[in-house]
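Chains as they are written, first to last, in our numbering: chain D, 1 to 379; chain W, 1 to 379.
Rather than coming from a laboratory, the hints here were simulated on the basis of the structure.
Treat the hints with care, as some may be off.
[To be verified] What the simulated footprint calls covered on chain W by chain D, stretch by stretch (three residues with Cβ under 8 angstroms from a Cβ of chain D suffice, anywhere in the stretch; the number is not a length):
no. : stretch
1   : 73–82
2   : 162–173
3   : 198–205
4   : 231–238
5   : 260–270
6   : 314–326
7   : 358–367
Virtual Cβ for every residue (Gly too), placed ideally from N, Cα, C.
There are 2 protein chains.
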Amino acid sequence: MTDDLPNPALLPAGLADLLPPEAEREAALVEAMMAVFAAHGYERVKPPLLEFEDSLLAGSGAAVAEQTFRLMDPVSQRMMGLRADTTPQVARIAATRLAQDQRPLRLCYAGQVLRVRGTQLAPSRQLPQAGVELIGGAAPAADAEVALVAVEALAAVGVADVSLDVTLPTLVPALMEAAGVAPPLRQALARALDRKDSADVTSIAQREGGVLAALPALMAATGPADGALAALEAAELPPTARAIAENAASVLAAIRGLAPALRITLDPVEFRGFRYHTGVAFTLYGPGMSGELARGGRYLSQNDEPATGMSLYPDAVLRAAPVAAPRPRLFVPLGADGARFRAQGFATVAALAPEDTPLRLRCTHELKDGAAVPIAAKD
Amino acid sequence: MTDDLPNPALLPAGLADLLPPEAEREAALVEAMMAVFAAHGYERVKPPLLEFEDSLLAGSGAAVAEQTFRLMDPVSQRMMGLRADTTPQVARIAATRLAQDQRPLRLCYAGQVLRVRGTQLAPSRQLPQAGVELIGGAAPAADAEVALVAVEALAAVGVADVSLDVTLPTLVPALMEAAGVAPPLRQALARALDRKDSADVTSIAQREGGVLAALPALMAATGPADGALAALEAAELPPTARAIAENAASVLAAIRGLAPALRITLDPVEFRGFRYHTGVAFTLYGPGMSGELARGGRYLSQNDEPATGMSLYPDAVLRAAPVAAPRPRLFVPLGADGARFRAQGFATVAALAPEDTPLRLRCTHELKDGAAVPIAAKD
């Protein structure tokens, strides 16, 4: 290799190889989570990685339009997009090929999505996703189900002790709408809420009064769900905001009923980052500093069907999940047969030439008198 | 929806949704085959779907260059390709990130590949692939291993009774080279061999004589491996072709030693369709008319490392594999808990609202006195 050739190890920024043993761990995690989805009646669909831009970016797909790679289809001469999110594709399937199926539809998916640019916090441009969508059901119990199925999927791969963060992305817009807030103030208020600047929020709320007066107390109540719900209950809210608060209370009661021990926080005034959600929105955090493991919530699917769903991030789950003991590797000498040991959970690694030694083949075990015995570390 | 909008169900030609239950079946097949690979010591890697064109199309990647979608990376301003084959990416990983690992390396992968155009026989432009690569081993036993691991993977998903078709894509070129055949005749001979036109091949062989005289007998011997090997053994071959024949005999002996009952055919004069293979090449056919399930064989990996591998086609395997009984679906009334039944293998489908009936939720079973009982078909 000469210096003027590009280094073949160099991949585009944000695109990476997953190597052993992580690639196998990630695949195993995904299938274990999908098994939980299937056990709750979610049926798997597999939309293609590429489809026409106009169907890919319809509905909730608009939220990722600027993050979507486009390319020309030489067959149809039309623009195609490489999916940046799977939810819009599942919405398309529900509205077209499964239009005649009874509701609610429970669908699940696992696959890769690609993004034009990474962010500083999330530099990856290829991300695995595994998720559930419940389409055609408006009940608070549906939101509770998708949140808890995600929690159970995480528990199935060893990530217990998660916390569920609930936000109501339509509440603040409903308050501003009811208060008739003009655009410049709307932006100032949005910024203050986004920065969690309580002094600024309080000063705006006191100056404007009316329905905005509720904001400082709601902001202060952010935290454990019970306290935040009590603050919502006590606040003076216009009818649209009251309906949102009551729906949140119903969803949280349904979750509590099924998972009394789950740690739940509620941030009533957070509204950024959920661009197409129309009701409660969820984020699942792993224990410690392991970060966001899943996101979801209520939205409108195609043809304005009520829908709710959760998308899990297997790359983040991989970092949060415990590492299983590596598979033991049994050296099988030239001409010997390892079938019996594969049935016991060994990877059998066959010598194919005289130079293939247990050390070269990174084996942990070798055959002695027909038994698999560990190889001493010093050899 | 108005008539002047494109039909959102319309996907680009060759791109399709996999729906329930096929999407789950395909995923289960892939993971079952990957488990066989892992049990033989093949470690999973997951290269990205996109990488720089120049590394993606290096080596064996050149064979799929014209089938590779390209797009501009806005970050690096360099061209990227959407992979049309996974083998070149595994070769890159072996030559770069795993360059220091002892040989042979056993790696496996599963994922999607995309093609610019489908063919009449294979219209799909997105294809799943799952395969093994054994890099850095030149022994005939390595070729035998990859072929038999693929056979075992197919058996693991219920596709038994496969047949292994062996070809020697370098044999005819070696004979033509040794005979000093001029380009026009080379093309005529290639065409005649490709059409299996024995009259034409015989007439050329008789006219030219020399090393080409062996061709009619080799062509006639195509069929069960033993007969074809005997014809190769009996033929008068120049040294390069003799070495190819002897290697084939060694590989087939190694396969026979491990799988005496496997049906093997050998076509010594077939040489099309394997564009980067340097030794024996394999095609696995399913029983009946189920077609090609896998392809592979010996090639040179990056830095001219000897390598061999097999790529299985999960979409074809899905058509050939037996269909398992569908998962029973148990209706769980509002407020009841299905956990016990999920542990027994049921999909539990929860009612979320009063209108959710067993019929609407397509359930096969309902709870009666705490037991899951089948729902009578007429209801």
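Now the hints, each set against the structure:
Counting residues of the stretch 73–82 of chain W whose C-beta lies closer than 8 angstroms to any C-beta of chain D gives 7; at least three are required, and the coverage claim holds. Chain D is given as covering the stretch 162–173 of chain W, and this is violated because 0 residues of the stretch bring a CB closer than 8 angstroms to a CB of that chain, at least three being needed. Here's how the stretch 198–205 of chain W fares: 0 of its residues keep a CB closer than 8 angstroms to some CB of chain D, so the rule of at least three is not met and the hint is violated. Using a Cβ-Cβ cut-off of 8 angstroms, 0 residues of the stretch 231–238 of chain W lie near chain D, which falls short of the minimum of three, so the contact claim is violated.
For the stretch 260–270 of chain W, the stated coverage by chain D is not satisfied: 0 residues place a CB nearer than 8 angstroms to a CB of that chain, which falls below the threshold of 3. A count of 0 residues in the stretch 314–326 of chain W with a Cβ less than 8 angstroms from any Cβ of chain D is obtained; the coverage claim is therefore unmet, three being the minimum. With 4 residues bearing a CB less than 8 angstroms from a CB of chain D, the stretch 358–367 of chain W meets the requirement of three and the coverage assertion stands.
The structure shown violates the earlier hints numbered 2, 3, 4, 5 and 6.
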